[in-house]
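Participant: Letter by letter, the chains look like this.
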Amino acid sequence: MVKKVKLRILFLLTIVLSAILIVFLILKSLEKDVVFFLSPTDVKDLKIIETKKIRVGGMVKDKSISINSEKVNFIITDFKNEINVSYSGSVPNLFSENKGVVAEGFLEDRNYFKAVKILAKHDENYMPPEVKKALGEK
Amino acid sequence: MLANHIGFYSLIMGLLSSILIFIFSLKSYQGKVIDKRIIPSSFFQLFFVIVSFTSLVICFIISDFSNETVFNNSHTNKPIFYKISGTWGNHEGSLLLWLLVLTLFLFLFLINSRSELKQYRVLTVIFQQVIIIGFFLFVLFTSNPFSYLFPKPIEGLGLNPILQDPALAIHPPILYIGYVGSSLIFSATLAAVIENYISKDWAKNIKLWILISWIFLTIGIMLGSIWAYYELGWGGFWFWDPVENVSLMPWICLTALLHCVLILEKREILKSWTIILSIATFTLSMCGTFLVRSGILNSVHTFANDPSRGIFILSFLFLLVSISVIIFFLFHKENQNDYKKIYFLSKEVSILVNNWFLMYFLSVILIGTVYPIFLEVLTDHKISVGPPFYNKLIIPFLVFFLVFMSIGPNLKWIKETNIKNKVQLFIFFLISLFLSLFLFYKSGQTNLTITILLSSSLYLFIVTIKDFFTKDLYNLSKKIAHFGFSLLILSILLNSILSKEVIVNLKVGDKFNFKNEKIIFNSLENSRKVNYESVVGSFTIEDDKQKIYEFKPELRIYDQPVIITSEADIKVDLLKDKFLVMNIIKGEEYFNVRYQIKPFMIWIWISVLLLAVGGFLSLYKRFYEK
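If you read the protein sequences in the order shown, they are chains A and B. With my numbering applied, the first sequence covers 669 to 806. With my numbering applied, the second sequence covers 3 to 628.
The hints are simulated quantities; they were obtained by calculation from the structure and are not laboratory data. Since the model is a prediction, treat every value here as computed from it, not as a measurement. A hint or two may mislead.
Stated by the list, open to error - Partial list, derived from the structure: chain B residues whose beta carbon lies under 8 Å from chain A:
1. Pro81
2. Tyr362
3. Leu364
4. Ser365
5. Tyr373
6. Ile375
7. Lys384
8. Ser386
9. Lys394
10. Val504
11. Val506
12. Thr567
13. Asn585
14. Asn594
Said to hold, decoys possible - Stretch-level coverage of chain A by chain B, calculated; a stretch enters the list once three of its residues show a Cβ under 8 Å from a Cβ in chain B:
15. 708 to 716
16. 736 to 746
17. 761 to 774
Note that beta-carbon positions come from the ideal geometry of N, C-alpha and C, so glycine has one too.
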């Protein structure tokens, strides 16, 4: 009987310990691997420019797309502030002027963003929430 | 018009008959005799839901725009096939489908369980009926598919064109069978807990339902993944998108349950764990529905963002989970003689280890999926959790998981005594280690984690192949499924290591050199199709051996709603897929061209099919053992 109780305690202890370990591991890597989402205004308000990967979302400014064989350049706006984006990579079909866009990449400075990925939204009516808010406030 | 009314009223009749079943089964539970009216009324319930669903399909076929659902999701010039599949390509219709599968499963359960304990049967019906009534109310009050529009619009708004695709047309029904199957497992588990019937016999019976939902969930996820591969044009098949994760989580839980029930069947231990897994599987399926339907996750599955729907599902889920937890604590008693001796080297311990690993993967995915949601609610920060997070946390554990998976099935139940016999396993391990080192030496890569992962997956691969050559054909289903899994991991791994891609903006007439191949953009051709304008680009790719491949990727500019989709051109062979897709950028002369070489792509699909085949075989055996 005593042995059984000991075994059970040992068993429970292993479970609790491994659970703690798991949560710790997950949270630790969450800290590193999450990608923050910012609007152009948020970018302007940044105190320091980090080298971490971020996402910038907003609308593609009218008549701002220019293309050559390696690159696509455009401007993301939230109708308060703007940011220049340069991008080489595959462009989703829903990407066009006056449509919502989310770009993932690295900030060079407060006005220049180097994107490594443009995210496709599945819906043609999609508008990033920040932009919706900004448009609502206007 | 007429179909619309028929649909609506038969839905109400369905609700009435489900309330009747509920009352009948409550009475029979008290009276301890099965009411003879339960089976006929469950047949009527199913019948009414079928009628209601069929009339919605008819509304879609005849494009009856006085129906709001049809108006929002259909268009007269859509091909008939997509008019029909549009029925479940939207929130209201898909819930009606969900209801249809729920009632179908209940009916099947009733006619298949005649040999089982009466009280257990009746209780299962009661619990299942609670879920069914909940969904009836949900459909009728928050998402009625038969809402009436007046004046009748002339033309509908059309179905999102990226949903107009054969794989995606059958993806929802198959996935739903998997999801909804988990509800029956849930009800049966609760009934068995109350009746103190968690036993070998119960394990045998419930395994049938676990297998059915597992098979369909597997195929459903695969179809969605195939669709994402060729339709979204990103060239991958899994993106760790929250929407994909919510379907993977119940799958992992169900896989754990499938193995756990084996132990229950053989040794009658781990009863509480089985119960917890059943409840968790159902909760995760419902959570998936909630997350996807409430519009919290932005995706192709988010049809209309209506908070009231989310709140309904959430409170309903909360109710069900609290009921199940209360039942678990009140009724579940561990018998003293349930404690049996467990030896470390035994099959049951290795299955338990497998379960722990699966639970770890599950919690990683769960946290990665819901953490951003909580963070946004609490701090207003928007974040996203991408593949690096999952890769980093899953891959190291996957190595051990694979090694355990190779050794575990070769152990005996209760206690393995013959250790010397396992020298063979060790030799295989060394072989796979050397093989992967050799491969890496050849390919010139030096990534340590991937080498280790490759050797462990090779190990599993070799061991599962060896298992086919043992004499006993008993447990062929397991062998096939485990082989399928090893093939899956191996092909995913090789695919991700050896894939090559190039993305470039090209004009007509441009040439581009990529490694030893030459991409030439020859011409563009416009043509008019039923409900879209088609632009087909013609590309030739020439490799250094003068072999020429013709690629014809297509752009489709749909009329209603105006959306452009790309149809990739994929050349499939057994060793690799060549994938070419073009996208439009701002209507200028440049096209964004993506060319990828994806080795062993087809083996990913084949291996998932093998998993499902293993499941089917096991199911077949169940039926014939009876």
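Participant: Against this structure, judge whether each hint is valid.
Facilitator: Status of each hint after checking the structure:
{"no.": "1", "hint": "Pro81", "in the structure": "violated, 20 Å"}
{"no.": "2", "hint": "Tyr362", "in the structure": "holds, 6 Å"}
{"no.": "3", "hint": "Leu364", "in the structure": "violated, 11 Å"}
{"no.": "4", "hint": "Ser365", "in the structure": "holds, 6 Å"}
{"no.": "5", "hint": "Tyr373", "in the structure": "holds, 6 Å"}
{"no.": "6", "hint": "Ile375", "in the structure": "violated, 13 Å"}
{"no.": "7", "hint": "Lys384", "in the structure": "holds, 3 Å"}
{"no.": "8", "hint": "Ser386", "in the structure": "holds, 5 Å"}
{"no.": "9", "hint": "Lys394", "in the structure": "holds, 5 Å"}
{"no.": "10", "hint": "Val504", "in the structure": "violated, 10 Å"}
{"no.": "11", "hint": "Val506", "in the structure": "holds, 6 Å"}
{"no.": "12", "hint": "Thr567", "in the structure": "holds, 6 Å"}
{"no.": "13", "hint": "Asn585", "in the structure": "holds, 5 Å"}
{"no.": "14", "hint": "Asn594", "in the structure": "holds, 4 Å"}
{"no.": "15", "hint": "708 to 716", "in the structure": "violated (count 0)"}
{"no.": "16", "hint": "736 to 746", "in the structure": "holds (count 5)"}
{"no.": "17", "hint": "761 to 774", "in the structure": "holds (count 5)"}
The structure fails to meet hints 1, 3, 6, 10, 15 from the earlier list, while all remaining hints are met.
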